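With the working numbering, letter number 265 in the sequence shown gets 290, and the count goes up by one each step, no holes.
Where hints are given, some of them may not hold.
[What the hints assert, rightly or not] Here are the simulated PhoX-like cross-link-like pairs (lysine-lysine), alpha carbons at most 25 Å apart as the crow flies:
| # | residue 1 | residue 2 |
| --- | --- | --- |
| 1 | Lys-191 | Lys-64 |
| 2 | Lys-279 | Lys-245 |
| 3 | Lys-286 | Lys-64 |
| 4 | Lys-67 | Lys-96 |
| 5 | Lys-214 | Lys-292 |
| 6 | Lys-96 | Lys-286 |
| 7 | Lys-382 | Lys-292 |
| 8 | Lys-151 | Lys-184 |
| 9 | Lys-243 | Lys-114 |
| 10 | Lys-327 | Lys-112 |
| 11 | Lys-240 | Lys-214 |
| 12 | Lys-191 | Lys-297 |
| 13 | Lys-233 | Lys-279 |
| 14 | Lys-158 | Lys-191 |
| 15 | Lys-279 | Lys-267 |
| 16 | Lys-385 | Lys-356 |
| 17 | Lys-240 | Lys-267 |
| 18 | Lys-327 | Lys-356 |
| 19 | Lys-64 | Lys-214 |
| 20 | Lys-96 | Lys-297 |
| 21 | Lys-214 | Lys-233 |
| 22 | Lys-317 | Lys-286 |
| 23 | Lys-112 | Lys-158 |
| 24 | Lys-356 | Lys-292 |
| 25 | Lys-112 | Lys-214 |
| 26 | Lys-233 | Lys-243 |
| 27 | Lys-64 | Lys-184 |
| 28 | Lys-245 | Lys-267 |
| 29 | Lys-241 | Lys-267 |
| 30 | Lys-327 | Lys-67 |
| 31 | Lys-363 | Lys-327 |
| 32 | Lys-292 | Lys-243 |
| 33 | Lys-297 | Lys-243 |
Because the hints were derived from the structure by calculation, they are not lab data. Note that the coordinates shown come from a computational prediction; the quantities given were computed from them, not determined experimentally.
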Amino acid sequence: MLLTEVEPKTHEYNTYSGQNKNEEAYELQIKSEESLFTKLEKQLLTSNLSVQQLAIAKVIIDNLDEFGFLKASIEMIFHVYQRQYSKEKINIQECEVVRNYMQHNFEPLGIASFNTQDFLLLQVGKQANIIEKPLIIGLLSEDISIDTITPTQKSIFLKVVKSLLKTPLDNTQDDVQTQFIQADASIYKDEGGWHIKLKSLPTIAINKQYLALRKKIKDKALFNQHLSSARGLMSFIEYRNKSLQVIVSTLINKQELALIKGERFLKPLSQKEMALELNIGESTLSRLIKNKYIDTPIGTIKIQDLFSANVGQNSSKSVKQMIIEIIQQEKNALSDQKITDILMQDNINIGRRTVTKYRKSVNIPCARDRNHQLR
């Protein structure tokens, strides 16, 4: 193996002094669901992928949605990889090979499928005892029209489809309670100010025994290519750790009150605004914080939850929380217009339609239905 894992470290930063000290390996565990991102990163280390393929797989993981589907085309994965590893030459087919490997070998099964249709085809292909298998594959791939088959065949097709999982994450829902969130960062405040602990990705290094073989190889071109890829992956991990520290530190400065008192005190902050401040691309920032959790004085939350659109001088999440608090305190159900008037009295410039939208987004019934509940 060209790469080897070394003793993992947790890095602690003081946001005021900028000090960095290494401590024993540290892991936050809160009973709940482990993030998909964390589970997949672990599997990268035990996979049979080459160093270059590991880097491609990392780009794929960064572009998964919450259901485990790949929301970027293979062409886009190729271009993102080329931007991150400009010296490495690959082709689009190699990106598809990695995606295919992940679909068949990673857990949950079917991760990185493009959509439900792609995932269904994968499941049918893996099952040996399906009746009318060629027909079902043809129907799912839309090579055969459902209008051209018999009622019996249609019944078989529908029965098979109903028996299949609809998303890769359907494989993981049964054991949610036995899994854990592993926070990527932890922050706390004491008399010395705010402190940040980062749970770094596994530390890797060049295998010295493998490196020693270089002297015995006549044609070193392929060896040097793999060595370059390995160093690129190591640089990416180092970049990820440093960037996450800067992002968390910036969020502390911007959302300090919310991190102490809760969502009600969130300030308006967009990812675009913060990306400009940190001089990185908005898409880069989005990838760095995707599926990342942070342990805070108000609980373990997604880093993405610290961003919010603005409603005047307030954040949209703050205004939603205000609406919830107003409704919780009502003796007689208030109309959306009355809630709007109350918010306007607090200098929150908001329209009734926006109040209605926010109310619905947190599944609160309308005033008429709430009145029935209050009686």
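Check: Which of the stated hints cannot be reconciled with the structure, identified by number in ascending sequence?
Finding: Result: hints 2, 3, 6, 10, 11, 12, 13, 17, 18, 19, 21, 23, 24, 25, 27, 28, 29, 31, 32 and 33 break, sorted rising.
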